[in-house]
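Okay, here's what each chain looks like letter by letter:
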Amino acid sequence: MAYDYEKSIRPGKLPHIWCPGCGHGIAMKGLIRAMDTCELDRTKTALVSGIGCASRLPGYMDACTLHTAHGRAAAFATGVKMANPEMTVICVGGDGDGVAIGGNHFIHACRRNIDMTYVVLNNYIYGMTGGQFSPSTPTGAKASTTPYGNPDPTFDISKLAIGSGATFVARTTAAHPREIDKLITQGIQHKGMAVIEVLDDCPTTYGRRNKFRSVVDMMKELKKNAVPAKAAAKLPAEKLEGKILTGVLFHDTEKPEYCEMYNEVIKKAQGA
Amino acid sequence: MAKKVALLQGNEACAMGAVYAGAKFFGGYPITPSTEVAEVLSIELPKVGGKFIQMEDEIGAMAAVIGASLTGAKSITATSGPGVSLKQELIGYACIAETPCVIINVMRGGPSTGMPTGPGQSDVMQAMWGTHGDHAAIALVPNSCQEIFEETVRAFNLAEKYRMPVQVLFDEIVGHMRERIVFPEPGEIEVIDREAPTDGPDSYKPYDATKGQIPPLASFGSGYKFHVTGLNKADDGFPTTKASLVEAEERRQIAKIKDNVDDILKNEEYMTEDAEVIIWAYGSTSRSARYAVNELREQGIKAGLFRPLTIWPFPEKRTAELAKQCKAIVVAEMNLGQMVYEVDRVSRGECIVVHEGRVDGEPVNPGQIIGKVKEVL
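If you're matching them up, the sequences are chains A and B in order. Each residue of the first sequence is one higher than the one before, counting from 62 in this note's numbering. Each residue of the second sequence is one higher than the one before, counting from 154 in this note's numbering.
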């Protein structure tokens, strides 16, 4: 039987703005399956985003949805979660939004280990503004503002999350749709800051500038480069060059969660 | 029963006013000369089950405050000029998304870092025009520690009632001055809570103008699912570029303040009945101005003081009336000329309007105000 996605979509809000071949739709379906698996009460679920193509995702979803300013999703979400810890908080956004303009909020949300799930749809480009390079655009790649090839080094967003203190970090790609919902489910169920990086494709502003002849080619590239972290552990370093580790990359259940830490503050303040 | 009294700094009084008003969330970032507001709230909020968070930067603090407010928590941040500059984009977000919150600006001088430990009144125009786009603004300017307490409560009331950000601006002099505060009993000062929607979750629209000029705001987590965005939007909260809807929404958001100025404006007058010269002053400068009025009266000069407690919306009507009555208005403020432009605009040439100010980190003193009055008469 076909999966019923429509019950999670707000009536009348489709079609979405994404281009044909964009991976964001695949990620949204994965998110819906994960939210269903976790049986989330949509009235107690906040979907928070910043600005960009990926950040339009919450608007299509039936939940408490907060489309904020560029880069600020994690900070708004921190306010929502702190003020009402009963809410399940899920941020969705792109690479530029999340780790360029929003980098400071992203790393500090990780550091606090506040209980939220941040799904980064990393398509290596600023799509909405027409294809400018982002912190995850590969060095040497073409973007509308790197006509001679990108001189900038890149961020590894998952490593950034781990280094900043997030306690559940996982990565997959739009070419692995079943893994998307599996990992987001684990992220939601994890108590603490979970970052799920989904590598996906922007055929319109990245693919066509970088010699990908079709969306299929971009998907094949994602599949070719993805190596499950468990398998990678057994491979020699030379076999991992240019590869992207996928699956659960980091999981720590010891570090205290931020709202629980603050509950201790409240207890002390109230003289308990 | 004797009332509780204390010797408090203006910044501390502000924090206690926030608690009185029912604040349950503070998001901030350390900045001189406002830090005591955060410090006191870090002690007091958890005592009442509220939350205090020191965010990674000023923008994050503003974002967290808006996020918290959307769950129904009365929310506040405190900063100074450089911090308010950083927060501007999100102050506009709170305007268009109609999210109540209170922003405290303990004013120092100078553009950029300026003189962090010195006083100033140079952010009064910023309070209206700092964020981009067309929008209304409410800004309050108390001049004493007791008044900071009371005006902070009023700021929360106005924020919740009019569903928008409200700024409270006081200069470093009042922020760091210590005065005797008489704490009002619970219920003694009115505390306004957010109006809950009467529509059920299925028919609720967060910007439905048929529910009145200020449609009720539901809270995340209370059974309502709705969309909040900084984009221009239709009454259901979803983005639109439809010309008629965009303009109607923007006009409503400005009209909700314009049509209610009498409720929002507050001012004090001293010896203005027969005044030939009006000193128009706010914040700590108004205290020097009052002293100057007494001195001038002793010298036989009919001086009076007009002191706004609300500067935005601008007290246009009363200022215009005074302009017709007097020969001159001296606008005294700790800057090189800001509110004087508004006073001059609404006076429409009915009287002379001059400015007396300074930005050297010293308060505007009565002597210089007296000097200016004598010069202009």
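For the record, the hints were derived by calculation from the structure and aren't laboratory data. Only a predicted model underlies this, so the values are computations on that prediction, with no experimental measurement involved. Note that CB positions come from ideal geometry on N, CA and C, so glycine has one too. Hints should not be assumed to be uniformly reliable.
[Stated by the list, open to error] Quick list of in silico lysine-lysine cross-link-like pairs, DSSO-like style, CA-CA up to 27 angstroms:
(1) LYS328(A) to LYS177(B)
(2) LYS477(B) to LYS314(B)
(3) LYS220(A) to LYS243(A)
(4) LYS409(B) to LYS364(B)
(5) LYS329(A) to LYS364(B)
(6) LYS358(B) to LYS395(B)
(7) LYS285(A) to LYS203(A)
(8) LYS281(A) to LYS252(A)
(9) LYS105(A) to LYS395(B)
(10) LYS378(B) to LYS243(A)
(11) LYS358(B) to LYS68(A)
(12) LYS177(B) to LYS105(A)
(13) LYS328(A) to LYS200(B)
(14) LYS364(B) to LYS74(A)
(15) LYS220(A) to LYS284(A)
(16) LYS364(B) to LYS105(A)
(17) LYS316(A) to LYS200(B)
(18) LYS74(A) to LYS395(B)
(19) LYS378(B) to LYS364(B)
(20) LYS105(A) to LYS74(A)
(21) LYS304(A) to LYS220(A)
(22) LYS74(A) to LYS378(B)
(23) LYS252(A) to LYS470(B)
(24) LYS203(A) to LYS328(A)
(25) LYS409(B) to LYS395(B)
(26) LYS329(A) to LYS200(B)
(27) LYS378(B) to LYS105(A)
(28) LYS281(A) to LYS203(A)
(29) LYS243(A) to LYS90(A)
[What the hints assert, rightly or not] A few chain B positions that, by computed beta-carbon distances, are all more than 10 angstroms from chain A:
(30) ASP210
(31) GLU403
(32) ILE407
(33) ASN447
[Stated by the list, open to error] Only some residues are given here: those of chain B computed to face chain A with a beta carbon under 8 angstroms:
(34) GLN207
(35) GLU209
(36) VAL218
(37) ALA221
(38) TYR246
(39) MET281
(40) TYR377
Hint check:
1. LYS328(A) to LYS177(B): holds (16 angstroms)
2. LYS477(B) to LYS314(B): violated (34 angstroms)
3. LYS220(A) to LYS243(A): holds (20 angstroms)
4. LYS409(B) to LYS364(B): holds (13 angstroms)
5. LYS329(A) to LYS364(B): violated (43 angstroms)
6. LYS358(B) to LYS395(B): Holds: LYS358(B) and LYS395(B) sit about 18 angstroms apart, inside 27 angstroms.
7. LYS285(A) to LYS203(A): Holds, at about 21 angstroms.
8. LYS281(A) to LYS252(A): Since the Cα atoms of LYS281(A) and LYS252(A) sit roughly 34 angstroms apart, the hinted pair is violated (cutoff 27 angstroms).
9. LYS105(A) to LYS395(B): Violated: LYS105(A) and LYS395(B) sit about 31 angstroms apart, past 27 angstroms.
10. LYS378(B) to LYS243(A): Given pair LYS378(B), LYS243(A) holds - Cα atoms ~25 angstroms apart, limit 27 angstroms.
11. LYS358(B) to LYS68(A): OK: LYS358(B) and LYS68(A) at ~20 angstroms, within 27 angstroms.
12. LYS177(B) to LYS105(A): holds (19 angstroms)
13. LYS328(A) to LYS200(B): holds (8 angstroms)
14. LYS364(B) to LYS74(A): Given pair LYS364(B), LYS74(A) holds - Cα atoms ~24 angstroms apart, limit 27 angstroms.
15. LYS220(A) to LYS284(A): holds (20 angstroms)
16. LYS364(B) to LYS105(A): holds (25 angstroms)
17. LYS316(A) to LYS200(B): Measuring from Cα to Cα gives roughly 25 angstroms; hence the hint holds.
18. LYS74(A) to LYS395(B): Holds, at roughly 16 angstroms.
19. LYS378(B) to LYS364(B): Status holds; Cα separation ~18 angstroms.
20. LYS105(A) to LYS74(A): holds (21 angstroms)
21. LYS304(A) to LYS220(A): holds (14 angstroms)
22. LYS74(A) to LYS378(B): holds (14 angstroms)
23. LYS252(A) to LYS470(B): Not OK: LYS252(A) and LYS470(B) at ~57 angstroms, beyond 27 angstroms, violated.
24. LYS203(A) to LYS328(A): Violated, at roughly 54 angstroms.
25. LYS409(B) to LYS395(B): Roughly 22 angstroms separates the two Cα atoms, so the pair holds.
26. LYS329(A) to LYS200(B): Status holds; Cα separation ~9 angstroms.
27. LYS378(B) to LYS105(A): Holds, at roughly 9 angstroms.
28. LYS281(A) to LYS203(A): holds (19 angstroms)
29. LYS243(A) to LYS90(A): holds (12 angstroms)
30. ASP210: Given a closest Cβ separation of 6 angstroms, the condition is violated.
31. GLU403: holds (18 angstroms)
32. ILE407: Correct as stated: the minimum Cβ-Cβ distance to chain A is 21 angstroms, above 10 angstroms.
33. ASN447: holds (46 angstroms)
34. GLN207: Hint violated; GLN207(B) Cβ to chain A Cβ min 10 angstroms, cut 8 angstroms.
35. GLU209: holds (4 angstroms)
36. VAL218: holds (6 angstroms)
37. ALA221: holds (4 angstroms)
38. TYR246: Holds. Min distance 5 angstroms.
39. MET281: Violated: closest Cβ of chain A sits about 20 angstroms from MET281(B), beyond 8 angstroms.
40. TYR377: holds (7 angstroms)
Against the hints set out earlier in the document, violations occur for numbers 2, 5, 8, 9, 23, 24, 30, 34, 39.
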